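Q: Residues per chain, in single letters:
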Amino acid sequence: MKPRIAIFSLTGCEGCSLAILELEDQLLAVLDAVEIVNFREGMTERAWDIDIGFVDGAVSTPGDEAEIRHYRESCKVLVAIGACACLGGINTLKNHQLAAEYRGYVYGERAAWFPTTAARPIAAVVKVDYELPGCPMVKEEFLRFVKHLLAGRQFRLPDYAVCVECKKRGNPCLYDRGVVCLGPMTRAGCDAICPTYGSKCEACRGIVSPEALAAAALNLRDQYHVPQEEVLAGLRLYGAYQEEKLP
Amino acid sequence: MLDRVVHRTDLSALIDELARTRRIVGPVKHEDRFFYEAVDRAGRLDLDFTYCVYSPKAQLLPPKETLLTFDRTTGNFTCHPLYDERPTVLAGVHPCDLHAIKLLDHVFGAEHADEQYLSRRRHMFLIGIDCPHPCTAGVFCRDMHAHVADSGFDLMCYPLERDQAGRTVRYGVQVGTTAGQEAILYGRVGTPPTPEAEQHLARYQAEKDRAFPKAIPVDSAGLPGLLAKSYDSLLWEATARRCYSCGSCNLVCPTCYCFDIHDDGALGGNGGERVREWDGCQLRGFAEVAGPHNFRPKPGSRLRHRVFRKGKWILERTGLPGCVGCARCDRACTARISLVDMYKQLAEEV
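Residue numbers (the numbering used here), protein chains in the order written: chain A, 2 to 248; chain B, 579 to 928.
None of these hints come from the bench; they were simulated from the model.
A couple of the hints might just be wrong.
Derived lysine-lysine pairs resembling BS3-like cross-links, with alpha carbons at most 27 Å apart [as the list claims (entries may be wrong)]: (1) 922/B with 169/A; (2) 3/A with 95/A; (3) 201/A with 607/B; (4) 169/A with 3/A; (5) 77/A with 95/A; (6) 680/B with 792/B; (7) 140/A with 792/B; (8) 140/A with 77/A; (9) 786/B with 169/A; (10) 128/A with 201/A; (11) 201/A with 169/A; (12) 807/B with 169/A; (13) 680/B with 786/B; (14) 77/A with 3/A; (15) 607/B with 786/B; (16) 201/A with 642/B; (17) 642/B with 607/B; (18) 876/B with 922/B; (19) 792/B with 876/B; (20) 922/B with 786/B; (21) 680/B with 169/A.
The structure presented is a predicted model; accordingly, all values stated were derived computationally and were not measured.
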């Protein structure tokens, strides 16, 4: 029997769910291998006996929290997809501001109608079995994950930095142009898409290892004279780093 | 000894002649840097290049390649190896990289016959370009005895004369193989060397000898001894605190040849391909085996491993230097960890 798949969205742009539909060339093969039973972006039916549930978006409201618990109970395997679900994502920018300020800024007088909490990755609320990070999730990685799961093979995210993929593509290094790119401390898997198009890496796939983060703190301060607040601000964009102090 | 003297337009014409049956790959300038790239004619190459950011390694060992495809849909397992058999002229290889290719030839040809590598290598015509002076600051090719090359090429071009714009206008050409000999003969390019040209080359080589300074306290022959005394140095841990373990040093290195192989199955599961990709000893998972156990879990042990490979172990095992002194690793490291600095520091310690 084909595994029953669901795709859910919490607070986010739902771009990661859309990335699945953007598989286009491979979509028919995917549908051949799995049965999608619950997917707001792609169908109207809703079923709740689910083998593998993919969730994008962060837990950012009391409603999100109730929903993610329901998803967890309904899915044998729960997979966080995208920066919001894996790291908290852009939503976590509010975690570093005063609630009264951002709520007033976003919702004006009706702020009370929209209860909100600090944004959290899904794993902060329920047990998550796998994470496919990135903004958006890398659709090729999603496909690799599905293949591994169907074949019963162990799936692992790349445990090396974006630099590896940049070098394999033969890109010029942005550091040579004086740009402080977060690639050296960021988990690969995106095929270095941002540096390839001349844009610095912003760590949307999270920090690759504690050693890399520690090295970044030293190098950016000593070799590039970047103030620590700036490093933190860069890493906070996608929620890659939440704490106040670098090691 | 020169075999021919050619004008820059002759060299261009020769490459274009070779390209009637081959692809051309060589240095192309982007902004202020050079990269090896496939071009449609020799005129697009910049043979007066300083250095290419990436080594020509990728032309022989691509960052990612499919080694074979397999299929088991019919019940009978079938598998087809894939070989890159495109004839290629790789024009514009400096002596350091020629030495590096010699090491790759040894690793993929002598120790284990790697058919995919050998197929590319057999179809490659190599045109070396000698360097009159160091291509950039920080190189230590002289210390590795890789700033000159007397073999490993089909043709070697010595830039004997420059115009006012700094472009080489006349090359002295040395033939390295019968393929090179045939290209010169059939292409009917240039003129036989005159005694003046030979003198010119001697002068060029004397000037070159003065232009390349020693950069580190020991040479390639002295490095194994230095490193033997440095295994327990505190330098490894201390320097590696800055290391991201990003592997950039490995990936840009012309002599780093480590790779990983994985099978990529098609969705549905009855076929797929076996893929080879570059790997690097600085990456965390490189020395991880079943268990899981990692032989080098710390950046310090990985850094030491790389330096020992470059300076000691490869030389001892193959008789060829594991490092050609191009300093691409030093330039690629955003943490500014430098092989040259480490060698200097170790020499002070012992």
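Q: For every hint, state whether the structure bears it out.
A: Hint check:
1. With a C-alpha separation of about 30 Å, the suggested pair residue 922/B and residue 169/A falls outside the 27 Å cut-off, and the hint is violated.
2. For a cut-off of 27 Å, the pair hint linking residue 3/A to residue 95/A is broken: about 41 Å separates their Cα positions.
3. With a CA separation close to 22 Å, the supplied pair residue 201/A and residue 607/B stays within the 27 Å bound.
4. With a CA separation close to 36 Å, the supplied pair residue 169/A and residue 3/A exceeds the 27 Å bound.
5. Under the criterion of a C-alpha separation no larger than 27 Å, the hint pairing residue 77/A with residue 95/A is inconsistent with the structure, at around 32 Å.
6. With a C-alpha separation of about 23 Å, the suggested pairing of residue 680/B with residue 792/B holds against the 27 Å cut-off.
7. Note on residue 140/A and residue 792/B: the hinted pairing is violated, with a Cα-Cα distance of about 50 Å set against a maximum of 27 Å.
8. At most 27 Å may separate the alpha-carbon atoms for a hinted pair to count; residue 140/A and residue 77/A meet this at roughly 22 Å.
9. Restraint check for residue 786/B and residue 169/A: not satisfied, since their Cα atoms lie roughly 34 Å apart, outside the 27 Å limit.
10. Between residue 128/A and residue 201/A, the direct Cα distance comes to roughly 32 Å. Violation of the 27 Å bound is thereby established for this hinted pair.
11. For a cut-off of 27 Å, the pair hint linking residue 201/A to residue 169/A stands: about 17 Å separates their Cα positions.
12. Distance restraint check for residue 807/B and residue 169/A: the Cα-Cα separation of roughly 35 Å exceeds the 27 Å cut-off, and the hinted pair is therefore not satisfied.
13. Under the criterion of a C-alpha separation no larger than 27 Å, the hint pairing residue 680/B with residue 786/B is consistent with the structure, at around 23 Å.
14. Straight-line distance between C-alpha atoms of residue 77/A and residue 3/A comes to about 14 Å, which keeps the hinted pair within the 27 Å bound.
15. Under the criterion of a C-alpha separation no larger than 27 Å, the hint pairing residue 607/B with residue 786/B is consistent with the structure, at around 25 Å.
16. Pair hint residue 201/A plus residue 642/B holds up; C-alpha atoms about 24 Å apart against a cutoff of 27 Å.
17. With a C-alpha separation of about 24 Å, the suggested pairing of residue 642/B with residue 607/B holds against the 27 Å cut-off.
18. Distance restraint check for residue 876/B and residue 922/B: the Cα-Cα separation of roughly 23 Å lies within the 27 Å cut-off, and the hinted pair is therefore satisfied.
19. Among the hinted pairs, residue 792/B with residue 876/B is inconsistent with the structure: their alpha-carbon atoms are about 32 Å apart, more than 27 Å.
20. Proximity of residue 922/B to residue 786/B is assessed by CA-CA distance (about 24 Å); at most 27 Å being required, the pair is judged to hold.
21. Taken as a hint, the residue 680/B and residue 169/A pair is honoured in the structure, with Cα atoms around 22 Å apart against an allowance of 27 Å.
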